[in-house]
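Chemist: What follows is each chain in one-letter form.
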Amino acid sequence: MTAYDFEKLRVLAIDDNRFTLSVIKSLLDTMGVKTVFCMSKGTNALEIMKQWQPDVLIVDQVMQPISGLDLIRQIRDSDSDKYSFVPIVLVTAHASKEVVHRARFWAGADAVLVKPLSARRLFNCIVALYESDRTFVRTGDYFGPDRRVKDRPFEGEGRRAEDPAQDKPEGAAVAAAAADDGDLLFIGVDDDADEPPRRASA
Amino acid sequence: MAAPTAKKGERGKAGACHFIQPPDFIKSKAVKGRGVDLTTVEEQAQAMVSALKGEYLERVKSELAILEKAVDSIRKGAPEERGGALRTLSHISHEITGQAGTFGFELITTIGNSLCEFVAELDDPTANDLKAIEIHADAIRVVISQKIQGSGGEVGQHLLTGIEAMVAKVRAR
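Chain order of the listed sequences is A and B. Okay, so the first sequence: first residue is 1 according to my numbering, each after it adds one. Okay, so the second sequence: first residue is 1 according to my numbering, each after it adds one.
Please keep in mind that the hints were generated in silico from the structure rather than gathered at the bench. Glycine included, C-beta positions come from ideal geometry on N, C-alpha and C. Some hints could be false.
Here are the simulated SDA-like pairs of lysine to any residue, each with C-alpha atoms no more than 20 Å apart in a straight line [said to hold, decoys possible]:
no.: 1; chain 1: A; residue 1: K25; chain 2: B; residue 2: I144
no.: 2; chain 1: A; residue 1: K34; chain 2: B; residue 2: V36
no.: 3; chain 1: B; residue 1: K29; chain 2: A; residue 2: K41
no.: 4; chain 1: A; residue 1: K25; chain 2: A; residue 2: V36
no.: 5; chain 1: A; residue 1: K34; chain 2: B; residue 2: H18
no.: 6; chain 1: A; residue 1: K41; chain 2: A; residue 2: Q51
Here's a subset of chain A near chain B, in silico, CB distances under 10 Å, partners left out [said to hold, decoys possible]:
no.: 7; residue: S22
no.: 8; residue: N44
no.: 9; residue: E47
no.: 10; residue: Q51
no.: 11; residue: V86
no.: 12; residue: A93
no.: 13; residue: K97
no.: 14; residue: S118
no.: 15; residue: F123
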């Protein structure tokens, strides 16, 4: 089993439930993450991100006054050269089709982690983020991680010559393993293999 | 790889598509091949979960008290309080559902899911709807008081069957 040293990782966790925050912090501690900043609402998250410079964000979906999805969209839309690209995990108790779809194709989350939180789920999620070679894509109405995961050749016109999908990263296997647990909903997980290859339109 | 032409804060024009290689936040800080593996993490987390279990159970009790208060507010309060109370019901039922599995109370997750679905459908709750919410809360209290872990075996099945029948009856009215 592969080991990972996450000691230097800086994680920003945002959840309006303080107890859940303490659970997240404790779980990250078991993974060796020493620096965790907790916030109970996302209203000034961008400000904190600029000051504190996190490497990963863990954001709860059901929050007031700004929901996790809205916050992620706000971060992706920000002018920051760096922090609009930060890996973001959305945490939710109910992974409804609508929430997952909006997280994936509207907000620009890297992953949706379904509660209950566990060490296994969180560890697999962070490892999948580590292993994934994320390219970002900007289209008419989407800015966030590129969702194309197919490794079969595209037969139409206009395919890019340099195609990250051709070299499937090791992370895809890790992400697929996490997905098998039913807890990690994307990060390069090929969840609709029967559909034709999707262009980068989000 | 095409360089981004739009400013980062702007979405692109319809039809345009730009690919950007972002900074690698995690790889620049984490190291593969040393540190902790999943087995070690799970062992350490087990101790953490045990240490927090008492606090978790107290937290669920206080969440149930908030839920009961919201039910009372709908039952006895002014009509303008109903919207806020319904939002509280929705929020609290999600909170109860989300945390339970971490501490091994999968039965609370199942009951909580039923509660979440039931509350999500409520627009103008009737007396029977409110009673159904209270029965969910009572069932969770039973799980807590008897410290029923996992799916709860026969007792758990009995509780769930009762809740399902009750919800079906209330929906049929």
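Chemist: Taking the hints in turn, state whether each one holds.
Modeler: Okay, the hints, checked on the actual structure:
Only pairs whose Cα atoms come within 20 Å are accepted, and K25(A) paired with I144(B) is rejected, the gap being roughly 24 Å. Of the pairs offered as hints, the one joining K34(A) and V36(B) holds, with about 13 Å between alpha carbons and a cut-off of 20 Å not exceeded. Our distance criterion of 20 Å between C-alpha atoms is broken by K29(B) and K41(A), whose separation comes to about 26 Å. Of the pairs offered as hints, the one joining K25(A) and V36(A) holds, with about 7 Å between alpha carbons and a cut-off of 20 Å not exceeded.
A distance of roughly 36 Å separates the Cα atoms of K34(A) and H18(B); the hinted pair therefore is violated under the 20 Å criterion. Of the pairs offered as hints, the one joining K41(A) and Q51(A) holds, with about 17 Å between alpha carbons and a cut-off of 20 Å not exceeded. Look at S22(A): its Cβ gets to within about 7 Å of chain B, closer than 10 Å, so that hint holds up. Annotation: N44(A) was flagged as interfacial toward chain B, and the flag is violated, the nearest CB pair being 18 Å apart, outside 10 Å.
Because the smallest distance between the Cβ of E47(A) and any Cβ of chain B comes to about 15 Å, over 10 Å, the interface hint for this residue is violated. Violation of the interface hint for Q51(A) is found here, the shortest Cβ-Cβ separation to chain B being roughly 16 Å, above the 10 Å cut-off. With its C-beta approaching chain B no nearer than about 6 Å, V86(A) sits inside the 10 Å limit, and its interface hint holds. Taking 10 Å as the C-beta contact cut-off toward chain B, the hint placing A93(A) at the interface holds, the least distance being around 4 Å.
Nearest Cβ of chain B to the Cβ of K97(A): about 14 Å, over the 10 Å cut. The hint is violated. Restraint check, S118(A) versus chain B: the minimum CB separation of about 6 Å is within 10 Å; hint holds. A least Cβ separation of about 5 Å between F123(A) and chain B falls short of the 10 Å threshold, and the interface hint therefore holds.
Checked against the numbered hints given earlier, this structure breaks hints 1, 3, 5, 8, 9, 10, 13; the rest are met.
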